[in-house]
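Residues in the sequence shown are numbered consecutively from 489, following our numbering.
Worth flagging that the hints you see were computed from the coordinates, not collected in a lab.
Just so you know, not all the hints are guaranteed correct.
[Unchecked claim] Cut-off 27 Å, straight-line C-alpha distance, at most; resulting in silico cross-link-like pairs (DSS-like, lysine-lysine):
hint: 1; residue 1: 539; residue 2: 491
hint: 2; residue 1: 566; residue 2: 534
hint: 3; residue 1: 534; residue 2: 499
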Amino acid sequence: MNKQEIYDRIKKAFSPSFLEVIDQSDEHIGHAGHQGGGRHFAVIIKADCFKGLTQVAAHRKIYALFTNEIPAQIHALKIKVISF
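The whole structure should be built from the sequences, with the hints applied where relevant.
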C-alpha cells in the first residue's frame with residue numbers, strides 16, 4: 489500500500505476539506521516493521537464528518553478503512569485530525 493492509495497481511500501470515505509498523507513518510512517530504517525519501506529505513514533485530515541467526535545472516535549473511523557492492511561501492509565499510521 490502506498491501513500492496515494494491511502495489518500496484515495498480516505499478522500500473517498502470522508503470527503504475532507506484538507507488531507508495530506510506523508511510516507512515516513514525513511515525515518516524508520518532499521519526499526520521493527522520497516523521491511524523495505526512504504527509502511528509508516530502520517531495522515532493530517534480535516535473533514536466535516538469528524539465534527540463533534542472525540543479524537544479517539546475520529547481515529548477509529550480512519551483505522552477502520554485499513555483493517556485488512558494493518559499490520560500486513562501498513563505498520564504505522566499516525567493520524568492528526570484538525571479540529572474546527
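Status of each hint after checking the structure:
With a C-alpha separation of about 25 Å, the suggested pair residue 539 and residue 491 falls inside the 27 Å cut-off, and the hint holds. The straight-line distance between the Cα atoms of residue 566 and residue 534 is roughly 14 Å, inside the 27 Å bound, and the hint therefore holds. Restraint check for residue 534 and residue 499: the C-alpha separation of about 11 Å stays at or below 27 Å, so the hint holds.
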